[in-house]
Amino acid sequence: MARVADVVSETARAKSLLLDPPDWAGHLAGQHVDVRLTADDGYQAQRSYSIASAPEDEHLQLTIERIEDGEVSPYLTDDLHPGDELELRGPIGGYFVWRESLGGPVLLVAGGSGVVPLRAILRHHRAAKSDIPVRLVYSARTQADLLYREELESFDTVITLTREEWSGHTGRVGRDLLEEAAWPLADHPLVYVCGPTGFVEGVADALVAIGHAANRIRTERFGPA
Amino acid sequence: MPPISHGFHGRRTDAGERDRVPPGQYVTHDFPVLSAGPTPHTPLESWTFQIRGEIDQPKSWTWEELTALPSDRVTVDIHCVTKWTKLDTVWRGVSLDTLLDGVDTSAEYVLAFSDGGYTTNLPLADIRDGKAWVAYEFGEEPLEPEHGGPARLLVPHLYFWKSAKWVRGIELRANDEPGFWEMYGYNNYGDPWKEQRYAGD
Ligand SMILES: Cc1cc2nc3c(=O)[nH]c(=O)nc-3n(C[C@H](O)[C@H](O)[C@H](O)COP(=O)(O)OP(=O)(O)OC[C@H]3O[C@@H](n4cnc5c(N)ncnc54)[C@H](O)[C@@H]3O)c2cc1C
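Residue numbers (this note's numbering), protein chains in the order written: chain A, 2 to 226; chain B, 1197 to 1397.
Source of the hints: derived by calculation from the structure; they are not laboratory data.
Glycine included, each C-beta is placed from N, C-alpha and C at the ideal position.
Hints may contain errors.
Stated by the list, open to error - Where chain B lies over chain A, by a calculated footprint (3+ residues, C-beta under 8 Å):
1) 37–44
2) 115–122
3) 203–214
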């Protein structure tokens, strides 16, 4: 059981939970936890949530986007308050992680809430004072949907919006943007792609098509859409 | 009994379905995808399915040969470790019993291998006696690449990562060796009814 230390609004639809799990043995940037809710008659539901914080951070942070008709996410974003307890299990997952020994250069490609574990990687990279080049390409619907905007703009970040005209890039992450943003192929970049299934499929296919080695592309698919 | 999440009601599974849903799973009507990397696209002309390892004469089928073998239409429930369960999924594929027919081996384990370098390990007994198929149709349609097409292993009694996507063969082995997800902290066997999700469960 982890105690909720704080609840922070990130956007109109997303909130972060800052948690204090007792005896937390630490995690790797990119891993997730399983959250389990129990109703008063014993009924339970579980979902996975990526860890948004770096291992070096004080609290364990999750960022949850509210899915309108969802079973679990509306409870996490609307019904939890500081002092509440939340049952978690983890950290889980050993492949979609980055640590300095894995090298780079590193390209992170996020769709929507898929930015969560990639933000953990960026924070870890900074905390570890790594000089491995790392860049984030982040696709969101509108500026209002951008998570961690100010923080991400302090990193090497390219943002594209799919449902709003603005001064920056617009449209989906396709070959053109990837060719422009990716590190030279000769440097064998290590690429992490995270987001809804359709987004990850599209980006991973485009990366392979422009010549990235399939075994240098790590993916995490959050679910439908 | 874990503490109550006050105010959480949840979406119950229909009573009629409840005993088909393993602990910690929820029923979905989508078909979510879990893969570690990009989806491979292997041309059918160069596709083969192999049985190798502890076998005197390794066996191999081309796409044409495999899909010409007698096939089964199976309706099964599938359970993914990321918590979704999908009921009454309909597949067509060749039973591993057909492929292993006449194979004389001392092996007790198999390592299934796939395009993209993905592997998963299973006891040989778990893919025999009508428990596993090389499936190439889903819902009466060719199996889509993101769901493991052209063909994936189908071992519905275990968590779905054991149903290796893009499967290209099995290696018969005397010893058990962890596959891809098994090396990254997932359970070695993966029985959804015992909720064997992760190492140590
Ligand atoms: C490894 C992993 C890490 C994840 N990390 C995060 C994270 O950091 N933050 C986060 O917010 N979510 C994350 N998710 C997704 C999360 O686990 C849930 O799937 C999500 O919160 C929806 O759960 P729910 O119970 O609210 O909705 P459900 O009751 O499961 O679904 C309700 C409806 O919404 C649809 N739906 C489900 N998920 C989505 C989606 N992502 N986008 C659009 N429609 C959807 C379903 O198809 C269904 O129709 C992660 C998933 C995985 C597998």
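Results for each hint:
With 7 residues having a beta carbon nearer than 8 Å to a beta carbon of chain B, the region 37–44 of chain A meets the requirement of three or more and the stated coverage holds. For the region 115–122 of chain A, the assignment as covered by chain B is violated, since 0 residues bring a beta-carbon within under 8 Å of that chain's beta-carbons and 3 are needed. With a cut-off of 8 Å between beta carbons, the region 203–214 of chain A has 4 residues touching chain B; three or more are needed, and the interface restraint holds.
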